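I would like the entire structure built from these sequences, with the hints used as guidance.
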Amino acid sequence: MPRPTPAQVCWGTLAVVSATVVLLAVSGADSPLSITVLVVFALALGTLGTTLSITGHAHRTARTGGAAHPARASSEAGYAQPSSSGRR
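The numbering of the sequence shown is the numbering used here, which starts it at 1 and goes up by one.
Please note that a few of the clues may not be correct.
[Claimed, not checked] Computed beta-carbon distance windows for the label pairs:
#, residue 1, residue 2, range
1, P32, T5, 17 to 23 Å
2, P6, L48, 32 to 38 Å
3, G28, P6, 14 to 20 Å
4, T55, T13, 15 to 21 Å
5, V37, T13, 16 to 22 Å
6, P32, L52, 28 to 34 Å
7, A44, P6, 20 to 26 Å
8, L48, V26, 35 to 41 Å
9, T5, V26, 26 to 32 Å
10, T51, V22, 18 to 24 Å
11, L52, V21, 19 to 25 Å
12, T55, S34, 19 to 25 Å
13, L33, A7, 20 to 26 Å
14, T55, G28, 33 to 39 Å
Just so you know, the hints here were simulated from the structure itself, not pulled from any lab data.
For clarity, every value in this text was computed on a predicted model and none was experimentally measured.
By construction, the Cβ of each residue, glycine as well, lies at the ideal position given by its N, Cα and C atoms.
Okay, structure coming up:
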């Protein structure tokens, strides 16, 4: 499995923090056990979100032949890009 990019790590962290705050605010949890359960659930939710974004990025990269942006990869390889108007 590929390593997460910094943006994906930030997305996962944001998901964990926001899910924790929302769950604690909505539930009104008072006991340490219920707070622990909600925090663990939010951590699992953030981990799932990051994992899905990694696998989605890997799937898109594999589908385009190793490049996240096929137009950029072909221009970097020295191939001419067709014009959008159809004229030369």
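To see whether the hints hold, each was checked on the structure:
1. P32 with T5: 17 to 23 Å: Check failed, 35 Å falls outside 17 to 23 Å.
2. P6 with L48: 32 to 38 Å: Since P6 and L48 have Cβ atoms about 19 Å apart, the given range 32 to 38 Å is violated.
3. G28 with P6: 14 to 20 Å: At 35 Å between Cβs, range violated.
4. T55 with T13: 15 to 21 Å: holds, 18 Å
5. V37 with T13: 16 to 22 Å: holds, 20 Å
6. P32 with L52: 28 to 34 Å: holds, 30 Å
7. A44 with P6: 20 to 26 Å: Given a distance of about 22 Å, which is inside 20 to 26 Å, the answer is holds.
8. L48 with V26: 35 to 41 Å: violated, 19 Å
9. T5 with V26: 26 to 32 Å: Cβ of T5 to Cβ of V26: about 31 Å, so the range 26 to 32 Å holds.
10. T51 with V22: 18 to 24 Å: Hint holds: Cβ distance 21 Å, inside 18 to 24 Å.
11. L52 with V21: 19 to 25 Å: holds, 21 Å
12. T55 with S34: 19 to 25 Å: violated, 32 Å
13. L33 with A7: 20 to 26 Å: Violated, at about 35 Å.
14. T55 with G28: 33 to 39 Å: Check passed, 35 Å falls within 33 to 39 Å.
In summary, the numbered hints that this structure violates are 1, 2, 3, 8, 12, 13.
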